[in-house]
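Colleague: Each chain is listed here by its residues.
Number of protein chains: 2
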Amino acid sequence: MKSFEELTKDFLQNFDTRHFPSRPASLYEPADYFLGLGGKRIRPVMCLMGNELFDQMNPDAWQVSAAIELFHNFTLIHDDIMDKAPLRRNMPTVHEKFGEPAALLSGDVMLVTAYEYINKINSSYLHKIIHIFNKTAREVCEGQQLDMDFEKVEQISFSEYLQMIELKTSVLIGSSLQMGSILGGAGDGNQRHLYEFGKNLGLAFQVQDDYLDAFGDPAKFGKQRGGDIVANKKTFLFIRAMETATEQQRRELKALMKTNSVDKIEKVLRIFRECRVDEWANELKEKFVTAALQHLDDIAVLSVRKEPLQHLAGYFMKRDF
Amino acid sequence: MKSFEELTKDFLQNFDTRHFPSRPASLYEPADYFLGLGGKRIRPVMCLMGNELFDQMNPDAWQVSAAIELFHNFTLIHDDIMDKAPLRRNMPTVHEKFGEPAALLSGDVMLVTAYEYINKINSSYLHKIIHIFNKTAREVCEGQQLDMDFEKVEQISFSEYLQMIELKTSVLIGSSLQMGSILGGAGDGNQRHLYEFGKNLGLAFQVQDDYLDAFGDPAKFGKQRGGDIVANKKTFLFIRAMETATEQQRRELKALMKTNSVDKIEKVLRIFRECRVDEWANELKEKFVTAALQHLDDIAVLSVRKEPLQHLAGYFMKRDF
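Listed in order, the protein sequences are those of chains A and B. Under my numbering, the residue at position 208 of the first sequence is numbered 208, and the numbers go up by one with no gaps. Under my numbering, the residue at position 53 of the second sequence is numbered 53, and the numbers go up by one with no gaps.
Keep in mind that the hints were calculated from the coordinates and are not lab data. Treat the hints with care, since some could be wrong.
[What the hints assert, rightly or not] With a straight-line Cα cutoff of 30 Å, these simulated DSS-like cross-link-like pairs (lysine-lysine) come out:
no.	chain 1	residue 1	chain 2	residue 2
1	A	Lys233	A	Lys152
2	A	Lys128	B	Lys258
3	A	Lys152	B	Lys84
4	A	Lys233	B	Lys97
5	A	Lys84	B	Lys152
Bear in mind the structure is a predicted one, so any value in this text is a computation, not a measurement.
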């Protein structure tokens, strides 16, 4: 059993290969370019960890983890088109560099390639893995659609926002772990607990992301503070503030969203603090991490095998970058 | 064994069901809208015919044929975005009606749904069917990319154009038949011949399409004559004319492509006729149909089972609409 860091290294080594033919270059170069931008590769490593929680590594876990990473990159390429995002990881997005048609099509071919990797695994669990993969893919699309829908609405409830984040980001963390656990021979109950562990960890991660964008130390976080506020992004913090603010504060927040004054960030943060959104976010994150750890506890496997995942959850809980 | 027409009726009945959940409507309504526009459903029916060539209908053929039709519609939705097409089957395209982001995402979810149908079939041939499906999907993407690349190039060779058409349209006809034949229990040799039958028939179909656009009877064809010429589309006819024209004719063709004069169609057609492109296209179509029928002949199955496909090829050969 290896740690998250060790498995990340293993995955990177394994993933560092040609995933596409060379021609037509106009189709495959954009796909190669985007994969070359890197990323934390969290989801495929979750798949490997899910496998190792139950048994030694099944060679098929490399195929499924590659498929998961390709799927995730496919969603990013297409999301960037839909969001008209100019940059990803400080580099031009695919549609910025190669044009929208090539970006759209290279995303499509990346999704097909993900299914090619899945199709290399043993027949005995092919049906089950594809079923989870499809279900998750569909949910991620639904999450992205809800996210776009919510942009056009002035106020959304906490539960609506939570559902969107679950679909858009958390289910893929949960199902990556679950797919790995299937390859490790886990039974249905254990699979379910591991899925819930991942889903809750994903939610904690998103809360922390939103928190750090507003209250983090820019020197550690690596991004300018308040990016979400400038972009009028609906975040856990914003949703909570709108739900708990006084009429006066709510009016002020709405007015601030329509401006881009130099002190916009400071003014919004002041309201956030007045509404105790910062404390609330920390509590919410802890709630999700606690729920995640409870599900991990409930998995029927030797405690020692759970250590890498426990360690990872602790790391998520404390991270300030 | 049923005819093409009978199987089309059966497929339509089977396909007339809800393929998507109702929510979020903003994601699934565009997908439902597009499927509602109809279409000839040729590819899924090829799958059914490929099955019936060898054995009575395998219930899994309904799943695979639905997957094929969803895949085909996914490519059309995305192609329309890339081509900025305002109309499809005389109705607004998905991106025209619902916006580009929703069109992109509902195409994505349609592709995922295609894989869901495939995942319902028996394990014994799941690997093989997914392999062919993925290979074809990848080739169709390559064909669309080449098509877009060729738009930016002044002259392309016949063999380049042929390769593009093969990828973009013919391989899906071939592999639809092949996937059906697998479900009917066909061996490798028979599968290969049936695939080649479909591929050549697809090429013949495209040649005929190009021919009818230029020389067909508008009353029968249902489209205005010369649409491809007005749009400066590279077609079998145009490629051939450019390859066989005199220096003077080639200059004239290039000049005509830069204009939109009222007599553009007549002038281009005159050059086409001078280059005997019309006769050549008929010979080319016959060549493809003959090759297709040769492959059908070579399939080791009782002649009587081949009749529906022979009938279909004859119909393709003679159609003037």
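Colleague: None of the hints should be skipped; say for each whether it holds.
Modeller: These are the hints, each one checked on the structure:
1. A:Lys233 x A:Lys152: Holds - the C-alpha atoms of Lys152 of chain A and Lys233 of chain A are around 11 Å apart, at most 30 Å.
2. A:Lys128 x B:Lys258: violated, 56 Å
3. A:Lys152 x B:Lys84: Distance ~24 Å between Lys152 of chain A and Lys84 of chain B Cα, so the pair holds.
4. A:Lys233 x B:Lys97: holds, 26 Å
5. A:Lys84 x B:Lys152: The hint holds at about 24 Å.
In the structure shown, a violation is registered for the earlier hint numbered 2 alone.
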